[in-house]
Every structure is written in C-alpha cells, then in structure tokens.
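Engineer: From first to last, the protein sequence lines are chains S and P. No gaps in the numbering here: position 18 of the first sequence is 18 in the working numbering, and each next residue is one more. No gaps in the numbering here: position 318 of the second sequence is 318 in the working numbering, and each next residue is one more.
Note that these hints are calculated values from the structure, not bench results. Hints may be right or wrong, so weigh each one.
Heads up, the list lumps identical chains together, so a pair's fine if it works in one copy or across two of them.
[Unchecked claim] Restricting the straight-line Cα-Cα distance to at most 30 Å, the calculated cross-link-like pairs of lysine-lysine (BS3-like) are:
#1 Lys348 with Lys282
#2 Lys61 with Lys310
#3 Lys348 with Lys310
#4 Lys310 with Lys274
#5 Lys274 with Lys119
#6 Lys348 with Lys327
#7 Lys310 with Lys282
#8 Lys310 with Lys327
#9 Lys125 with Lys47
#10 Lys282 with Lys327
#11 Lys274 with Lys327
#12 Lys24 with Lys336
#13 Lys274 with Lys318
#14 Lys177 with Lys318
Every value quoted in this text rests on a predicted model; they were computed, and no experiment measured them.
There are 2 protein chains.
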Amino acid sequence: MARYCVIMCGGVGSRFWPFSRSEKPKQFLDFFGSGTTLLQATYERVKPVVSPERIVVVTNKEYAGLVKEQLPEIKEENILLEPARRNTAPCICWAAHHILERDPEASIVTLPSDQLVLKEAAFHKALEKGLEFVEGGDRLLTLGIRPTSPHTGYGYIQRGEPSGTDEILKVKSFTEKPTADVAELFLNSGEFFWNAGIFLWTARNILKAFDKCAPQVATVFADGDYTAAGERGFIEKAFPMSPSISIDYAVMEKADNVYVETVDLGWSDLGSWKALFDISPKGAEGNVSQNCRLLSTDCRGTLFAVQGDKIIVADGLKDYIVADSEKALLIYPIAKEQDLRHVVNEVKNRFGEEFV
Amino acid sequence: MARYCVIMCGGVGSRFWPFSRSEKPKQFLDFFGSGTTLLQATYERVKPVVSPERIVVVTNKEYAGLVKEQLPEIKEENILLEPARRNTAPCICWAAHHILERDPEASIVTLPSDQLVLKEAAFHKALEKGLEFVEGGDRLLTLGIRPTSPHTGYGYIQRGEPSGTDEILKVKSFTEKPTADVAELFLNSGEFFWNAGIFLWTARNILKAFDKCAPQVATVFADGDYTAAGERGFIEKAFPMSPSISIDYAVMEKADNVYVETVDLGWSDLGSWKALFDISPKGAEGNVSQNCRLLSTDCRGTLFAVQGDKIIVADGLKDYIVADSEKALLIYPIAKEQDLRHVVNEVKNRFGEEFV
Numbered sequence: 001m002a003r004y005c006v007i008m009c010g011g012v013g014s015r016f017w018p019f020s021r022s023e024k025p026k027q028f029l030d031f032f033g034s035g036t037t038l039l040q041a042t043y044e045r046v047k048p049v050v051s052p053e054r055i056v057v058v059t060n061k062e063y064a065g066l067v068k069e070q071l072p073e074i075k076e077e078n079i080l081l082e083p084a085r086r087n088t089a090p091c092i093c094w095a096a097h098h099i100l101e102r103d104p105e106a107s108i109v110t111l112p113s114d115q116l117v118l119k120e121a122a123f124h125k126a127l128e129k130g131l132e133f134v135e136g137g138d139r140l141l142t143l144g145i146r147p148t149s150p151h152t153g154y155g156y157i158q159r160g161e162p163s164g165t166d167e168i169l170k171v172k173s174f175t176e177k178p179t180a181d182v183a184e185l186f187l188n189s190g191e192f193f194w195n196a197g198i199f200l201w202t203a204r205n206i207l208k209a210f211d212k213c214a215p216q217v218a219t220v221f222a223d224g225d226y227t228a229a230g231e232r233g234f235i236e237k238a239f240p241m242s243p244s245i246s247i248d249y250a251v252m253e254k255a256d257n258v259y260v261e262t263v264d265l266g267w268s269d270l271g272s273w274k275a276l277f278d279i280s281p282k283g284a285e286g287n288v289s290q291n292c293r294l295l296s297t298d299c300r301g302t303l304f305a306v307q308g309d310k311i312i313v314a315d316g317l318k319d320y321i322v323a324d325s326e327k328a329l330l331i332y333p334i335a336k337e338q339d340l341r342h343v344v345n346e347v348k349n350r351f352g353e354e355f356v
Numbered sequence: 001m002a003r004y005c006v007i008m009c010g011g012v013g014s015r016f017w018p019f020s021r022s023e024k025p026k027q028f029l030d031f032f033g034s035g036t037t038l039l040q041a042t043y044e045r046v047k048p049v050v051s052p053e054r055i056v057v058v059t060n061k062e063y064a065g066l067v068k069e070q071l072p073e074i075k076e077e078n079i080l081l082e083p084a085r086r087n088t089a090p091c092i093c094w095a096a097h098h099i100l101e102r103d104p105e106a107s108i109v110t111l112p113s114d115q116l117v118l119k120e121a122a123f124h125k126a127l128e129k130g131l132e133f134v135e136g137g138d139r140l141l142t143l144g145i146r147p148t149s150p151h152t153g154y155g156y157i158q159r160g161e162p163s164g165t166d167e168i169l170k171v172k173s174f175t176e177k178p179t180a181d182v183a184e185l186f187l188n189s190g191e192f193f194w195n196a197g198i199f200l201w202t203a204r205n206i207l208k209a210f211d212k213c214a215p216q217v218a219t220v221f222a223d224g225d226y227t228a229a230g231e232r233g234f235i236e237k238a239f240p241m242s243p244s245i246s247i248d249y250a251v252m253e254k255a256d257n258v259y260v261e262t263v264d265l266g267w268s269d270l271g272s273w274k275a276l277f278d279i280s281p282k283g284a285e286g287n288v289s290q291n292c293r294l295l296s297t298d299c300r301g302t303l304f305a306v307q308g309d310k311i312i313v314a315d316g317l318k319d320y321i322v323a324d325s326e327k328a329l330l331i332y333p334i335a336k337e338q339d340l341r342h343v344v345n346e347v348k349n350r351f352g353e354e355f356v
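One chain only, chain S, in its complex shape (with noise of 0.2 Å):
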C-alpha cells in the first residue's frame, strides 16, 4: 500500500501580520532565521515517511511559484494549485480525489505547512503508527496533542475508547475554540487534546466520509477528470462551486469512525505571535529576541522580531509585540493580539491592499 502526504499550504497567516503577507505567507518565511522555510521544514519532516515522489502540495495557485522556488525538486504534477480559497474540505476533497487517481490503495498523511514540530523522531513513529492504524480499516485519525495551557484559539479533542491500539482512542467529541472557563475545565481533566491539523487516511475512506458526511463538498468534485490531461481544465470550473469549509466542521466533528492518536511532539501551531512568543526561548528580562540584535532597557515579557539585518533599542515596553517587517511596524500589546485580524483588514481598508 503506497502512501502519500498532502502538504497543505495556501492559507493566509494574518495573524503574523506584518511578516506574513497575502503575497507571501508565514509558511514561505524562514521564520527562525535557520536558512529554512516553514514548507521546507515541514516537507522535509516528511520525508522519511513518505517518499519525495508522492508528496503533494496543495497550495493558492498565486502561490505557485513561491512553491517551486522553495520546493525545487518537487515535480510539477505534484503541485495542485487552487482557483479560489475555500478553507480546507474542500483541498483535502481534491488532494483525495487526486491521489486515487494515482493509486487506488493509497493512504495519506494531510497536514498544514506552517507548524513547528520539534521532536522529529516521535513524528516519524506517530505517523507510522497511524498510518498503519487507517490502512487496517475504515478509519479517521488525527493527532492529538497535550494540551499545556487552556488555550482557546485550539479546537479539543475529547478522547473515547480504546482502539486496541495504544494511544490511539476513539473521538468522543470535537469542540472548536471554547471559552477560557471551558478549556480551563478541559484541560483538568485530562480527557481533552489539542487538535494538531494533522490527519491521516486512506484515499477512499476519506471520500467515503465526505459523501456521508459533506455531501456538499462531495458532489463538487465526485465524477471530475483527474487524469493528468484533464484535471487542471476541470478544477478551474468545479473547484470555485465549492463551499468554503474546514475538514474539522465539514467532516471529522460528523463521521463515527474518527479516532486520535495522542503524540508528543514538542508541536505548535505558530498560529500567532503569541504562540511563537510562548515557545521562545526568553532572555533575562523574560523578552524574545526573535532573529535580531536587542538591546532593551526596563523591557518585559515582549516579543522582538524583525525581518532582515537590523537592530532594536527598547526601553520599558511590557509584554508587547514588536514586529517589523520591510512594509510595515507593529507595535502591539500581547494581550490584544486576538484583534490583530482586524487591525489588518483596517489597514488594507486605509492604507491598501500592498502592506498586507
């Protein structure tokens, strides 16, 4: 049984505004300042499991060439790239379709290009060990992580019985962001896991599951052209007709064969600069001195990033965010970081659609 991964990689990242921009997101940044791309980081994690020739990456087809560039080797037929954003269904729909074209036994490992995994060796496992579990029958599996604080920009994972297989538990509920009293609750009791993005099935039992689940998504790409010298022609009509939706809400919190696997990763999501902030390591004064020179006076708990050779001379901010890129500073208060979404549309709305 051949497997494959789909690296799923044309969301956004508006939340690391100013350096994630729509014409270049987080996942196209070398974020760490390593000489290495959060896609080729996560493409080259998967490597040992999957081999080069069956990686997919499925990216915004304005993304294409940031793609080839970052990603040189990987041939042409294994870049899908999307006519219009519609969250996750509906790529992942695709990526399925795609790939039982290829190879009717396939199973796959799905999962986002942005994230930081820092325990190689136990994603390596995880994933074999998963894969092993969907390639034995009609199952759904994500990977659950330990939650270490109640945070509620995650979606929970309540755990359910066991599979048989060690670690691996049947999916008794899913909950999408929930109030901080409510993932305080969660994360006591020890029955709850952060939903990391990362899913792993076979071809046909992922569309199965979108036939019964998100008929929707389903009928939009059920009998397309696939073949190598149809599939672009009829995913510029059909892929758009999709509604736009998340795997998690269109299928996973619907199905009754999803499962979790619990892992230890050393795993985030850097979904915000809070949660780059959080995984940092911190100087004396409790700061983040991301990529850059710092020199700070009376400073505290704030992060420093900038993009490029540059210095910063700080004196008495508590707990902020300061972020410069080539376009645009942003100088924000940690604790408001939620609103950053905003503070971006606000800024496309005045300033205009370049420094986003």
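Based on these hints, arrange chain P on the given structure of chain S.
Structural biologist: Coordinates of chain P only, in the frame set by chain S:
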C-alpha cells in the same frame, strides 16, 4: 563691502539616531519628506541675502561627497573640508581666514546647517539688519530667540544695554545649559534669549576676537597659507592641532563687544527628537506622525517617524519616540531622550560602527 556666509555642516547629530548616522548626519537628511534636506534648505534660505559664489560650506572631509551631491551648484573652492572634528571655533577661525584672503573687507553670516526656520522673510530682514550693524563697527553679533519654554539644552543670552539699533542689545551674560530651576527663572525674567548659533561679524573683527580671547586657536591658524595653491596642504597639518572648542566658549563668552539681535524666526535647532516633536503638528491623540502612515490606538504624545515607504500600527504607547530607519528601530520614552547619546555609544560598542 562683500557679504559672505559660512554654513557649518560637519556635525554628527547623534541625538537624532537612528535617522542621523555618522555616515549621513541629520543635515543631509530630508527630515520632513519635503524633498529638501536640512542643508539644502539652509543654503536656499541664505541665498537671497548672500550671493551663491560667496556661500562657503565647512564640513568634515568625510562628507565632501554628500555636500557636492546635495549642493551641485556650489563651487569646489567654496567647500572647506575639515581633516578632523574640532567643534565650531576652529571651523569658524579657518573660514574667517579663508574669506579674509578672498576679501579683506568681507562681512560674514555664520550658521549651522541643520536648523529649522519657518519665517523666511523675518530671517532675511534679521540678517540684513545684523550685517549692517557689524559692518558699522567692531562688534560681534549673535541672534537671540525669545524662549518659549525653560529648555535646559540651550545656551541663554542675557540682554544688556540698547545699542542704538532697535532689537540689537549689548550682551550682559551667557549661560550654557542651565538647570531646570535657573531656566525657569530665565524664562520668566524676559531678559534672556536662546542662543541660536547664528553669528554675524566681519572677517577682520572675528579674527581680532580670536587673537584676544582664544589665542590657543588663533595661533594654529595665524600666518597660514590660504591661497588656492597652499590652503589644503596647510590645513591638513594645522587644523588637527587646534583644541576642540566651541565658538561660544572660546570667544562669545569672553569678548566684550558681543551683541544680541532679538528675532522671531519660527526657529528650532532641531537638536533632538523632542525638539522635532515639539514643533510638529499633532494628531487627535497628540501624536506626531512624521513622514509615515500611522494606525494608532490608545497612543498619546508619541512621535512616529520612519524612513522609506512604511506604515506603523501601534497600540498603547504614551510619550514615546518610535523612529525606524533601515538599520535600526528605536522605541524610547521621550522623557529619557537625554540618554540617547549613551544608547548610541552602547549600540556602537555592542553591535558595531555600522549601526551608528
């Protein structure tokens, strides 16, 4: 009697870091995004009073290229290049010798290259009147600005007896950088004026004053070769031998023939970010947005300045300087701006010359 002007253009302007850097100090910057640098504005401001072929620019030899680039019409022989940094007295002494060689009857306006003067007509009138005054006798004249705040960074001039010419008075005393209490007294007395650093005299009389008040400087330049053929060679050797001393300290505070012309010029010495903040128009929350597009929430009394086409998003800053250049970002309380010199030193020590 021919009228000359000496524009002093060799300063470093570290209190405007990171905009002002030693390789391109503030006089060479277009501070207001007007398309004109401070040096260019100074040159244009003087032209209606002094004919261009008699405007002399004295600068550090390091800035020869910048001067030629920014003042393309100026003749090579009107650019005097200092081989070392020695404050204003040697600069003025050399320039007076240089001009005396060209015209023994010359009168001279000497002024900094980096000030702001909003009332140009008043400036021209003040120079005309002042030049007449110094051409009529052995007198040294300085322009005095009526103070609007108890600024502790300026020199104060106490006016004495009338001179017979309206608005020109004998100077009773000079006080450099008074304490806050004293500055408050000065302000309330009505007898004190800020020393604008704009001086008028004849070449002959200022050299006479050097002989009398500052022989340690005068001897360095006495008997020099100021011919076109010999000046450069002479200065290269002699200039560095002068003590480093200001004209105020060397001559003005000691001479007994010093007068002040009280003027209202819409003047600012633009000595620091605070000075720029004070004279700039404020937005709704009392912020200044210097040459940048700003989206601010809950900010007050803050100066935002960028170089280049960039936007700033800020939240919650009170009484700050935010100054962003290509090489460095400064986020600093306005109240601590007198520490900026030390910060610049620290930056140099820690990160290297290239950043200052």
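Engineer: Next step is simple, just say for each hint if it's right about the structure.
Structural biologist: For each hint, the structure was consulted:
| no. | hint | verdict |
| --- | --- | --- |
| 1 | Lys348 with Lys282 | between (33 Å within a copy, 24 Å between copies) |
| 2 | Lys61 with Lys310 | between (33 Å within a copy, 28 Å between copies) |
| 3 | Lys348 with Lys310 | both (26 Å within a copy, 13 Å between copies) |
| 4 | Lys310 with Lys274 | both (22 Å within a copy, 24 Å between copies) |
| 5 | Lys274 with Lys119 | within (21 Å within a copy, 50 Å between copies) |
| 6 | Lys348 with Lys327 | both (13 Å within a copy, 26 Å between copies) |
| 7 | Lys310 with Lys282 | both (19 Å within a copy, 29 Å between copies) |
| 8 | Lys310 with Lys327 | both (14 Å within a copy, 5 Å between copies) |
| 9 | Lys125 with Lys47 | within (13 Å within a copy, 79 Å between copies) |
| 10 | Lys282 with Lys327 | both (27 Å within a copy, 24 Å between copies) |
| 11 | Lys274 with Lys327 | both (21 Å within a copy, 26 Å between copies) |
| 12 | Lys24 with Lys336 | within (24 Å within a copy, 38 Å between copies) |
| 13 | Lys274 with Lys318 | both (14 Å within a copy, 23 Å between copies) |
| 14 | Lys177 with Lys318 | within (27 Å within a copy, 34 Å between copies) |
In this structure, every one of the numbered hints holds.
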